[in-house]
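Undergrad: Protein chains in written order, with my numbering: chain C, 1 to 177; chain V, 1 to 177.
Note that these hints are calculated values from the structure, not bench results.
A few of these clues could be false.
Chain copies aren't distinguished; within one or between two, either way the pair holds.
[Claimed, not checked] Taking lysine-lysine and the DSS-like style, the derived pairs with C-alpha atoms no more than 30 Å apart in a straight line are: (1) Lys164 x Lys106; (2) Lys82 x Lys106; (3) Lys82 x Lys130; (4) Lys106 x Lys156; (5) Lys166 x Lys106; (6) Lys148 x Lys130.
Number of protein chains: 2
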Amino acid sequence: MDIIKRITLLLAVIAMLTGVVALTGPTSGQTAGEAAPIFVTEIPAGYREWRFISVAHEEGNLNSFASVLGNDIAVRAYREGKLPFPDGAIIAALHYRFVPSAENNKAFGRDQSFVAGAPTNVQFMVKDSKKYAATGGWGFGHFNSDGKPVDDSFMKTCFPCHQKVKERDLVFTRYAP
Amino acid sequence: MDIIKRITLLLAVIAMLTGVVALTGPTSGQTAGEAAPIFVTEIPAGYREWRFISVAHEEGNLNSFASVLGNDIAVRAYREGKLPFPDGAIIAALHYRFVPSAENNKAFGRDQSFVAGAPTNVQFMVKDSKKYAATGGWGFGHFNSDGKPVDDSFMKTCFPCHQKVKERDLVFTRYAP
Chain C
1 MDIIKRITLL LAVIAMLTGV VALTGPTSGQ TAGEAAPIFV TEIPAGYREW
51 RFISVAHEEG NLNSFASVLG NDIAVRAYRE GKLPFPDGAI IAALHYRFVP
101 SAENNKAFGR DQSFVAGAPT NVQFMVKDSK KYAATGGWGF GHFNSDGKPV
151 DDSFMKTCFP CHQKVKERDL VFTRYAP
Chain V
1 MDIIKRITLL LAVIAMLTGV VALTGPTSGQ TAGEAAPIFV TEIPAGYREW
51 RFISVAHEEG NLNSFASVLG NDIAVRAYRE GKLPFPDGAI IAALHYRFVP
101 SAENNKAFGR DQSFVAGAPT NVQFMVKDSK KYAATGGWGF GHFNSDGKPV
151 DDSFMKTCFP CHQKVKERDL VFTRYAP
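Just chain C, same shape as in the assembly (with noise of 0.2 Å):
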């Protein structure tokens, strides 16, 4: 990968996951005979009542808390170490700003406390093998706040990243028990 390409892709990550998408670069490009990505494009239903799988921190521009849950057929194989995950597991990440808390440092005497602000995001993996089968078997999705999804030059740096944890079915997160 030459430095254009890594540069441009380090730029979508992080715009991703600040859910500032302000990515006009270019992207890996679709050569011939490829099949083209697929993207989740509707937020799944009931998500914010699926169960915990762990919590993450971004530093730097990103600045972010993640709290990432599954709906049961991703925390099922999650639990039993099933690899890869089955079709219908759904992963979402649930974003937000990393803030101090006053009123929690006020609590403890010193500066300490940091708490979920405003959300930013809610991105999703969605497996079905078939439907995804150009993007390791997930479709992608990111959600900014007002609740569309973003632009799918974007989405093409996705899949990408994720596969640096091919051995994990492309899942960075590991359940906090």
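Could you slot chain V onto chain C? The hints should help.
TA: Okay, now just chain V, sitting in the frame of chain C:
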């Protein structure tokens, strides 16, 4: 509150949230005629299946991630903005070490990612206005990762700290949308 009590309380809070229960200092004494506080001595069943309320991070000695979950009664009250919480509401705070993720950092190409490490403890607030009348209607519980509750002298520090958010029925955590 004098300085010794302040320091004792601060140490107790730190110990509570880190799961390190080393507190042996004085705690606020029981005066004649005051009802004895009662603590939660058994882990509420099924809490790992509950719905997501919010996340938090404490820096410094705590170095913790918290995922806060609620049973149906608690989550409904949160969503409806109902205060005080009704009897039967239970809130769980699952604590983990706050650790860097080498594999996420590798994917990002920079050191910025933190994930849930080893679980340290789970804390509960159980609403029962009669049983826990002496502590604002809430029973407090703290179970280290071995599943064992901590001793009463330690548990006596919960209520005084939570009283700092009396206007929110002693609950620090706000609901993340």
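Undergrad: So, for every hint listed, does it hold in this structure?
TA: The hints, checked one at a time:
1. Lys164 x Lys106: between (42 Å within a copy, 9 Å between copies)
2. Lys82 x Lys106: Intra 44 Å, inter 24 Å, cutoff 30 Å: inter-copy only.
3. Lys82 x Lys130: within (19 Å within a copy, 45 Å between copies)
4. Lys106 x Lys156: between (44 Å within a copy, 20 Å between copies)
5. Lys166 x Lys106: Only across copies: Lys166 and Lys106 sit 14 Å apart there, 44 Å inside one copy, limit 30 Å.
6. Lys148 x Lys130: within (25 Å within a copy, 47 Å between copies)
Violated hints: none; the structure is consistent with every hint.
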